[in-house]
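Student: Following the hints, complete the assembly by docking chain B onto the known chain A.
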Amino acid sequence: MTTTDVNQELKTQEYLINMGPQHPAAHGVLRLILTIDGEIIRKVDPDLGYIHRSIEKMCERDTYKQIVHLTDRLDYLSSHINNEAVCLAVENALEIEVPERVKYIRTIMAELTRLASHQLWWGVMGMDIGALTAFMYAFRDREMINDIMEETVGARLTMNYSVPGGVMFDIHPDFQRKVKEFIKHFRKALPEYNTLLSENIIFKKRLKGIGYISKEDAVAYGVSGPSARGSGVSCDVRKIHPYSAYDKVEFNEVLIEGGDSYDRYMVRMKEMEESMNIIDQLIDNIPEGDYQVKTSALIKLPKGEFYQKVETARGELGVFIVSDGKKSPYRLKFRSPGFSNLSILDKISRGHKIADLVAIMSSLDFVIPDIDR
Amino acid sequence: MTRTELQSFLTSKIEGLEFGEETTQYLTVTVPKEKLRDLMFLLKDDEELAFDYMFSLTAVDWFPKYFGVVYHLESTKFRHILVVHVNTENREDDISIDTVSDIYPTAHFHEREAYDLMGIIFEGHSDLRRLFLTDDWVGHPLRKDYVDEANMIVK
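Protein chains in written order, with our numbering: chain A, 55 to 427; chain B, 162 to 316.
Chain B with its partners taken away, still in its complex shape:
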């Protein structure tokens, strides 16, 4: 599907989607966090979309507002690419997002990484432990307000 076809198809299926500007490299969509799993199931299972390959999952700290998670999806059949953004409510107490690791198995490791380094809680993840750091580590280093005077050189 082309970019415009994708956009109108998704708008007709799920409410509340916000599409990014036309000038971005790939079609970008921001989904409300309650609708994330609905959208992911649709993207994976619909025969015309067939987004079966999640090539990247990462977290961004939109300091001081909220955390964002960015999913990059590609279809190995049609070769179209979609970027999905989802944001947490805030940066303090409501920092959870539904897991997609049961829909895309590759997300299992990537979500553990995002939890470890950014501290996002993925609801429903089967094994959400730290991946890189030790279990007793305090804090999440990729956050913008993380301070470690011993190990960081701040310019």
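Just chain A, with the same shape it has in the complex:
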């Protein structure tokens, strides 16, 4: 037989494989049904619900103060920011003005949370791609933030620090000193991150040109957060609809036009610097005053609809409350950033190899409980 004959005889066939629900690169239980042709991905069909806890249904039963505690379990790496979202929604609906001190504390906590989240993402991203050392560096530094949290809040991860009307306790006397120590340390450590991974030629080759999202697609698919800013879409809620103390600080919205996985990676690296700048501006200027205003033990929202946007480490979190004037919401919806970001995965993974899918998923920074709710 000649070569041409062989080619005619060989039949290829697309077939399905399951990636997950237990897969180390998914950081949770996400099942992707891949249609592959050889090693090339033709279609990605996400199957969700393996960690669905019906948080929205539970909210219809609980009081507003109880709901705040459930939000920790959405995106557990942005737990403080999730708490803040519900608190802000309730405060705006009741027209409660919180003290300036609360706004400052919340903003500092939110930025520390964002830093911790980005550190974990950075370490895990390295690990997914095959660079195990990054993980050790990231966890060394993240531990410092967790210790600061533990001292003031009592919890390292699921913080429950915000309550409607303020924060649960005042900051620890050592809080400011320790945060400043951490910032001083991390300003030296961040360049290490860049030498270790960002400029690594193998790492770059795994990410450049992989998983391209155009500016139009990012908006149309509702992609938000660093993933959209890597495509040059200005979407930072902290800038556009400022809340807490974000209107009092100066920071840049990091925008990179490229749109591939490496650009999304670089957005997060630069955002860490911006977060440190924000903390620097606030940490020495926390105003004196109360850390909480009194709210009634059983909060009842007026009839109507309320929406609150905040910027978590992954993008735009929305809390949509429909109230009928009772002690629990009639309907509560969490617009989670991960859910919308996942919807573009199929489109950007087609034509890439399976190993690239792992890189794309890391660059979109999924947290599965945030998607499943």
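Just so you know, the hints here were simulated from the structure itself, not pulled from any lab data.
Dumping the calculated PhoX-like pairs for lysine-lysine here, alpha-carbon to alpha-carbon at most 20 Å:
#, chain 1, residue 1, chain 2, residue 2
1, B, Lys-226, A, Lys-357
2, A, Lys-269, B, Lys-238
3, A, Lys-380, B, Lys-305
4, B, Lys-305, A, Lys-111
5, A, Lys-269, A, Lys-401
6, B, Lys-238, A, Lys-293
7, B, Lys-205, A, Lys-269
Tutor: Relative to the frame of chain A, chain B by itself:
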């Protein structure tokens, strides 16, 4: 556009719109379900409106009358926000609403979620399957009359 400008502009283009009270957080409009797609095309394509970013789509069970779908739209150019409400005829047999997933691709997933958990049929959706629950699940958990004695704690 400001709130009043938006309201008068939309009233001049599409008939049958009902606007919510002035005190609401965002401008809210209820559209008859036959006009939903006309309105969405207008909102997306008109150069002065340019609502290109749908940041939320959700379903509400207005027990015992009908189901509602709520769309939150924002323009990345002008930064104005509009909330669109649309309701089904009833809660029993006529529970369909036209899809907008071809106009706003992000609605593809959100509509599947609303179908899965609330049971709203989106006419014309290309792939309306359950997203979270298994295919053989009976009922739609976010409905107000859903009962599951084994898994729910009712106060």
